[in-house]
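Sequences are here, hints too, so could you generate the full structure?
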Amino acid sequence: MASELTRLLRSSSYSQRMSRFALALVSPTFLVVALVVVVPFFWTLFLALTDVRLIDLPDTHLFNADYTVDNVTRVLSSANFWESAVVTVCYTFFGTVGSVAVGLVAALALRRAFPGRALLRSLVLVPFAVPVVAAALVWQTALDPQFGFVNAAGQRWLGWEEPVLFLSQRMAHPSVLGVTVPVPVALLTVIAFEVWRSFAFSFLFLLARLQAVNGELVEAARIDGAAPSQVFRHVVLPQLAGVISLLLMLRAIFIFQNFTDIYLLTGGAGGTQVLSVQVYEYLTARSDLGGASALGLVMAAAMGVLLVGYIWRTEPRSGRRA
Amino acid sequence: MSGTRRHRATAATRRWDRERVEDLVFGSAAWLVRAALLLASGLPLVYLVALSMRPLESLLANPLRILPRATELTLGSYQRALAPADEGGYGIGGFLLNSLLVGSGTVVCALVFSVLGAYAVSRFDFLGRRALSVLFLSVYLFPAVVIAIPLFVIFTGMGLRGSLPALVVIYLAQTVPAALFMLRNFFAALPEGIEEAAAIDGCGGLRTVWHIVLPLAVPALAATALYVFIVAWNEFLFALLFLLEIQESWTVSIGIALLDNQDVAPTVLLAASVVMTVPIVLVFLLAQRVFTEGLSAGATKE
Numbered sequence: 001m002a003s004e005l006t007r008l009l010r011s012s013s014y015s016q017r018m019s020r021f022a023l024a025l026v027s028p029t030f031l032v033v034a035l036v037v038v039v040p041f042f043w044t045l046f047l048a049l050t051d052v053r054l055i056d057l058p059d060t061h062l063f064n065a066d067y068t069v070d071n072v073t074r075v076l077s078s079a080n081f082w083e084s085a086v087v088t089v090c091y092t093f094f095g096t097v098g099s100v101a102v103g104l105v106a107a108l109a110l111r112r113a114f115p116g117r118a119l120l121r122s123l124v125l126v127p128f129a130v131p132v133v134a135a136a137l138v139w140q141t142a143l144d145p146q147f148g149f150v151n152a153a154g155q156r157w158l159g160w161e162e163p164v165l166f167l168s169q170r171m172a173h174p175s176v177l178g179v180t181v182p183v184p185v186a187l188l189t190v191i192a193f194e195v196w197r198s199f200a201f202s203f204l205f206l207l208a209r210l211q212a213v214n215g216e217l218v219e220a221a222r223i224d225g226a227a228p229s230q231v232f233r234h235v236v237l238p239q240l241a242g243v244i245s246l247l248l249m250l251r252a253i254f255i256f257q258n259f260t261d262i263y264l265l266t267g268g269a270g271g272t273q274v275l276s277v278q279v280y281e282y283l284t285a286r287s288d289l290g291g292a293s294a295l296g297l298v299m300a301a302a303m304g305v306l307l308v309g310y311i312w313r314t315e316p317r318s319g320r321r322a
Numbered sequence: 323m324s325g326t327r328r329h330r331a332t333a334a335t336r337r338w339d340r341e342r343v344e345d346l347v348f349g350s351a352a353w354l355v356r357a358a359l360l361l362a363s364g365l366p367l368v369y370l371v372a373l374s375m376r377p378l379e380s381l382l383a384n385p386l387r388i389l390p391r392a393t394e395l396t397l398g399s400y401q402r403a404l405a406p407a408d409e410g411g412y413g414i415g416g417f418l419l420n421s422l423l424v425g426s427g428t429v430v431c432a433l434v435f436s437v438l439g440a441y442a443v444s445r446f447d448f449l450g451r452r453a454l455s456v457l458f459l460s461v462y463l464f465p466a467v468v469i470a471i472p473l474f475v476i477f478t479g480m481g482l483r484g485s486l487p488a489l490v491v492i493y494l495a496q497t498v499p500a501a502l503f504m505l506r507n508f509f510a511a512l513p514e515g516i517e518e519a520a521a522i523d524g525c526g527g528l529r530t531v532w533h534i535v536l537p538l539a540v541p542a543l544a545a546t547a548l549y550v551f552i553v554a555w556n557e558f559l560f561a562l563l564f565l566l567e568i569q570e571s572w573t574v575s576i577g578i579a580l581l582d583n584q585d586v587a588p589t590v591l592l593a594a595s596v597v598m599t600v601p602i603v604l605v606f607l608l609a610q611r612v613f614t615e616g617l618s619a620g621a622t623k624e
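Just so you know, the protein sequences line up as chains S and H, in that order. Numbering-wise, this note's numbering puts 107 at position 107 of the first sequence, and it's gapless, one number per residue. Count along the second sequence from 1, add 322, and you get the number used in this note's numbering.
Any given hint could turn out to be false.
Stated by the list, open to error - Footprint (simulated), chain H over chain S, 3 or more residues, beta carbon under 8 Å:
(1) 142-152
(2) 178-190
Stated by the list, open to error - Partial chain S-side listing against chain H, Cβ under 10 Å, derived:
(3) Val-33
(4) Leu-35
(5) Val-38
(6) Thr-44
(7) Leu-47
(8) Leu-120
(9) Phe-128
(10) Ala-135
(11) Val-164
(12) Arg-170
(13) Pro-174
(14) Gly-225
(15) Ala-227
(16) Leu-307
(17) Gly-309
No lab work stands behind these hints, which were simulated from the structure alone. Virtual Cβ for every residue (Gly too), placed ideally from N, Cα, C.
See the structure below:
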């Protein structure tokens, strides 16, 4: 109301002046984002669709280049692309679902008052705050076959015959009740690391939303004889659905493009070479600009599909509301 | 209208119905979860600090014991990690200084940019406002490793490899959109009346921001600064790509990771990690309330 009134009272020349002022205020941010993110992205597109090498680059530009999809087809038909793609999808899917699920369980367990809650709430955020380099180092140390705590404990108390190479072993075939089960050791380890590091992010958002859940509704349901699981399923969960789907989306975007965690933990060994690590390999080990760009483009396209899927799932609801 | 309203009695006389069983199961499950969370969050930190103060031989001989004995406590690993190379150390002290420079440079620039931008976005209606917000958020949709390819080429071409200011510009682009978003939520909640009063008293645009808005926004600014600093302090990929060949400009992130490839004793690396981690974690925990509210404000308000 008040702002409508002031807008009416302001003359158009004043509001135009203000509009110019506002644009001046955002332009530095706009410039940096455009120069460091948007322009480079389109340049990746260009590099992916031409056959330029680093030495020819100064003489090549948008109009004299030969456009070709050779890079893309070469990358897609390379021996380890599909394996890498499957690994990336598994890593993203289980990392995302795991971190949101653990975040939800943690938020539910720390929702009500209990002795030590304030301390535990702070502690839970620690894995999230620890620099990734230090976190990876702690895991590497704890999982080390020679001096790591986990292997020492496993051999002492769990009857492991030899240390498990958590960060480099592609597959293990332990037998459970006489049946041999294939277990992708290194991939599971990096997924566990991802869940451990990022569940606090979901935890924060879910806890904030849980505190806004209508308490009277919950109380009424309890008085009517609903068991806790029923209250959760029919009263609490529907209210969390929006945040949960948003979190799944955000986590999936971050985990899908995550390079650092896997590079630090395994360097891509033991069947954990996700696409972003492969892009890095193309760029540095092979000095293959076109290949790196083409693979990057494939990643961006996959992310675009994910995003469109998400918008398509959530749009009908907001469309009805508008 | 339910006529069969359940009879509530004391625990001793209550029947074993579904409600009671579930209360018991979930009640004890909650304690199990709490214990697991305590272990998962606290133990790695204890492990990190404890191992960094043990001599390497003791760790190799006895990996099952986490805590150092009082007699073997040593800060030798810290000395070796922090001392410069010509004194027989690994120069992590210098890397920490580089990280500090990059981090504080990014914080200052990001605060200036995001305060101006957030003020504009929350106070004025201008052409392209929505498009701009979408553009800023899209920063997080482009995989960093994809953006890094052309930046790598450009920096190589311009001879800027190893330049810390160039790194600041990249971190700025990676953090300003989120910083702007955090501040925007805060500015939107400030009463507009104060600014209007200032305007009537003849206080012009930027002076209003400086004298009226900023003093009110100190908690939000602190949270934003903390967020930006942590991102810059922890960043790995761009630092690795752009600083690899020039060891003097390594940040502490890549310093630790690259020394790891050179067979440096694990206790030395752990000591360096403690120095890198503990200040960040402490500040994060102290400022946690402001920080988490800033971070999750978007989730509950919209």
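Requested in this report: Return the numbers of the hints above that this structure violates; sort them in rising order.
Outcome: Hints 2, 11, 12, 13, 17 are the ones this structure does not satisfy, whereas the remaining hints hold.
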